[in-house]
Structures are given as structure tokens and as C-alpha cells.
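S.K.: Sequence:
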Amino acid sequence: MSSSSSSPSRSSEIRRDAVFDRWVVFSPARARRPSDFKSQAPASNPNPKPNPNPTPSCPFCIGRESECAPEIFRLPPGGGAAWKIRVIENLYPALRRDAEPPVPGDTADAAGPVRLSLPGFGFHDVVIETPYHSVHLPDLSPQEVGEVLLTHKERILQLKRHGSIKYVQVFKNHGASAGASMSHSHSQIMGLPLIPPTVAARLNSTKEWFERTGKCSLCEVWSEEILINETVHFSAIVPFAASYPFEMWIVPRDHSSHFHDIDGEKAADLGSLLKLMLRKLSKQLNDPPYNFMIHTAPLELPPSCSPYMHWFLQIVPQLNRLAGFEMASGCFINPIFPEDAAKVLKEVDCSI
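Numbering-wise (UniProt numbering), the sequence shown opens with residue 1 and increments by one.
No lab work stands behind these hints: they were computed from the structure.
Please note that a few of the clues may not be correct.
[To be verified] With a Cα cut of at most 20 Å, we get these calculated EDC-like pairs of lysine to aspartate or glutamate:
1) K166 - E300
2) K84 - D21
3) K160 - D261
4) K153 - E13
[Claimed, not checked] Ranges between beta-carbon positions, derived for each pair:
5) S66 - R321: 35 to 41 Å
6) S66 - G330: 44 to 50 Å
7) E224 - S177: 28 to 34 Å
8) K207 - S66: 47 to 53 Å
9) G120 - R279: 36 to 42 Å
10) L95 - E347: 18 to 24 Å
11) S66 - G163: 17 to 23 Å
12) A201 - P76: 38 to 44 Å
13) V221 - S57: 48 to 54 Å
14) H255 - P76: 30 to 36 Å
15) C219 - E154: 24 to 30 Å
16) L157 - P302: 15 to 21 Å
Backbone N, C-alpha and C fix where the C-beta goes; we use that ideal spot for every residue, glycine too.
With these hints in hand, go ahead and build the complete structure from the sequences.
M.R.: Here it is in C-alpha cells:
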């Protein structure tokens with residue numbers, strides 16, 4: 001949704017996020033200057049240099065493949081010593097691929113008796129994004145970032161062929177306080193036998209918006225106040241009701257429900273914009289820990305849901321912690337208005 005016009009001096013405001021169906025309190029009384037939002041400790045080396053020698057304690061580095069969990073596939077394919085990206089099983093999975101999958105129709109979100117538990121079946125994979133320990137995702141070329149995204153797509157399509165998987169979540173944790181247990185650049189993929197609550201809420205919320213307005217909530221024309229950058233296929237914005245300081249969404253400009261429908265051209269375009277947004281965060285906020293999540297549609301989406309289910313990529317820098325109010329109410333408090341955050345990020349020069 002487009003934002004309303006901003007005012008030089010604002011009072012507190014409560015905005016509704018019509019995608020996730022939650023309310024956000026924007027509180028200038030809690031705010032610092034936008035330029036003061038800096039991570040206290042960088043999440044990684046600010047001047048990385050490719051290092052052909054693996055870090056002794058890192059099994060994700062090239063040459064230490066035998067120390068990892070089993071490999072699923074790699075790019076380029078084959079068993080040679082050289083590789084660019086590897087997809088492996090998670091050594092400590094949250095869900096077990098060898099567990100008994102639920103029988104068809106017997107899931108927690110299905111009609112019928114209320115279910116309070118299911119077997120811990122599912123898939124939990126790791127995408128090692130580079131062979132080199134000192135290289136991070138925004139250090140890669142736009143084409144290489146696009147190849148990482150196409151790797152996510154390929155694994156989603158593989159999991160889609162498993163009839164018990166209903167939803168696939170792609171996410172990246174960068175920095176220890178963002179949940180990363182390994183500093184080597186990687187992302188994760190989880191295949192779930194159910195539709196997660198946030199996804200169900202997003203379906204319901206975007207359906208309500210569509211029924212009331214006749215429009216997809218993410219196909220709206222973005223106002224200049226919240227727009228950071230655009231490419232041929234994608235827009236990068238600070239959402240109108242951003243839950244977190246300097247949160248960003250990268251949204252396909254053409255309506256699309258499933259991330260895994262992305263092609264090579266769009267993946268390279270998205271890779272270019274994702275790289276730029278991560279560099280802007282790093283330069284403006286002192287390389288903060290961050291999470292990014294791909295919010296896509298359930299694998300088997302009814303055709304009636306397609307007009308209002310629009311995938312996007314969310315980036316959340318970890319600049320503050322959720323406290324009692326947020327946990328108790330489900331409402332978020334954001335000390336910086338999206339228009340101010342977008343203006344700061346738009347002005348960050350990443351040309352050098």
C-alpha cells in the first residue's frame with residue numbers, strides 16, 4: 001500500500017500492516033536520528049577478501065566437504081573439487097526427513113478433529129553460498145547472488161515433488177544475534193507438512209484486502225516516500241507499516257504468487273537489487289546482523305487465491321529486541337517512520 005504524506009513533525013501513529021494483519025505503533029518519542037541507527041558490533045569483516053585456505057574450524061569451507069552432513073546437490077553439478085554453491089542436509093535439523101510423514105488429509109490445518117501434535121517430519125537443508133569463508137552474500141556479483149536464488153528455487157521444486165510438503169520456507173540468518181550459528185555465508189530451507197500460522201494469516205489478510213478493494217495489496221503503486229530503488233522486475237521499499245527499524249521488502253513488480261516461478265533473468269535482476277539493499281544496510285548501519293525471509297505462497301495454492309497472493313522478500317536488520325509489549329500484544333513499536341528510513345537508505349551511495 002502507498003503511504004500517506006509525511007510531516008516534518010510527527011506525533012505517534014498506529015498503522016495497519018494489511019499483508020501480515022498486524023498493527024504497528026510508530027513512536028517518535030523513542031526515536032533517535034535515522035543516522036544514529038548503527039549496529040554496535042559488525043556481523044562480519046567489513047573488508048572481506050577471498051581466501052583460498054579454509055578456516056580450520058569451518059566445515060563449510062572448500063576442501064572440508066567430508067566433514068559436512070550429506071550433500072543434496074551442488075553447482076556446478078558433479079563431484080569435482082571445485083564448486084560454487086552446495087546444498088546439504090542440516091546436521092542438526094529441526095525436522096526429520098526420516099520421520100513418518102502425516103497421512104494425506106491428516107494435518108493440523110485440515111478439517112476434522114482438532115490436532116495438538118504431528119510427527120516431526122519435514123526437511124531442513126543448508127545452502128552454502130560460497131566456498132570461501134571470508135566472502136559474504138553482498139560480496140558476490142549480482143549474477144552470483146542470482147545463482148544462489150536459483151538454487152533456492154531448485155530445492156523448492158525438489159521438495160514440491162514430495163507430496164507431504166505443504167510449504168517451503170527460505171531464510172537467511174547473518175550474524176550471531178540474528179540466529180546464525182556458523183559465520184560462513186549460508187542460508188536455510190525448511191519443508192513443512194503444514195501451512196504455518198503466519199502464512200495462513202497472510203492469506204486471510206490479503207484475501208480481505210482484495211475483497212474490499214478489488215486489488216492485490218502488493219500490486220499497489222508505491223509512493224516515492226517509501227520507495228528505495230527499482231529495477232526492471234522488482235521494487236525495494238520500506239513497507240508502510242514496517243514492524244522493524246529499516247525493514248525492507250523487495251517485491252516483484254508483476255503479480256506472482258510463487259517464488260519458484262522465477263526465471264534466470266528475474267533471478268539476476270533480483271540478485272542485483274538484493275545485493276544493493278544489503279550493501280546499503282551494511283554501509284548505513286555498520287554491517288548489522290540481519291535476517292531475510294522469502295514469503296511465498298503454499299505449494300498447492302487454490303486458483304481462487306492467486307489474484308491476491310503475491311510473494312516478496314523481507315529483510316530485517318537486528319537493531320532492537322522485542323520486549324514484553326510486543327510479545328504480549330502482537331503489536332510492534334517502531335521508533336522510525338518508514339518514510340524517514342526510506343529516505344536515508346535511498347541516499348546511501350554504494351557506488352564506491
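S.K.: Next, verify each hint and record whether it holds.
M.R.: Status of each hint after checking the structure:
Using a Cα cut-off of 20 Å, the hinted pair K166 and E300 holds, with the two alpha carbons roughly 7 Å apart. The suggested pairing of K84 with D21 is violated, with an alpha-carbon distance near 39 Å, which exceeds 20 Å. This hinted pair checks out: K160 and D261 have alpha carbons roughly 12 Å apart, not beyond 20 Å. At roughly 39 Å between alpha-carbon atoms, K153 and E13 are farther apart than 20 Å, so this suggested pair is violated.
For S66 and R321, the Cβ-Cβ distance of about 39 Å falls inside the hinted range of 35 to 41 Å, so the restraint holds. Look at S66 against G330: about 46 Å separates their beta carbons, and that is inside 44 to 50 Å. Taken as a hint, the range 28 to 34 Å holds for the pair E224 and S177, whose Cβ atoms sit roughly 33 Å apart. Checked against the hint of 47 to 53 Å, the pair K207 and S66 passes, with Cβ atoms roughly 49 Å apart.
The beta-carbon spacing between G120 and R279, approximately 38 Å, falls within the hinted interval of 36 to 42 Å. Evaluation of the 18 to 24 Å hint for L95 and E347 yields a failure: the beta carbon distance comes to about 43 Å. For the pair S66 and G163, the beta carbons lie near 33 Å from each other, so the given range of 17 to 23 Å is not met. For A201 paired with P76, a C-beta distance near 40 Å keeps the hint of 38 to 44 Å intact.
The hinted range of 48 to 54 Å is satisfied by V221 and S57, whose Cβ atoms lie roughly 49 Å apart. Judged by the Cβ atoms, the range 30 to 36 Å given for H255 and P76 holds: they are separated by roughly 33 Å. A C-beta distance of roughly 27 Å is found between C219 and E154, which places it inside the suggested range of 24 to 30 Å. At roughly 20 Å, the beta carbons of L157 and P302 sit within the given window of 15 to 21 Å.
Consistency with the previously given hints fails for numbers 2, 4, 10 and 11, ordered from lowest to highest.
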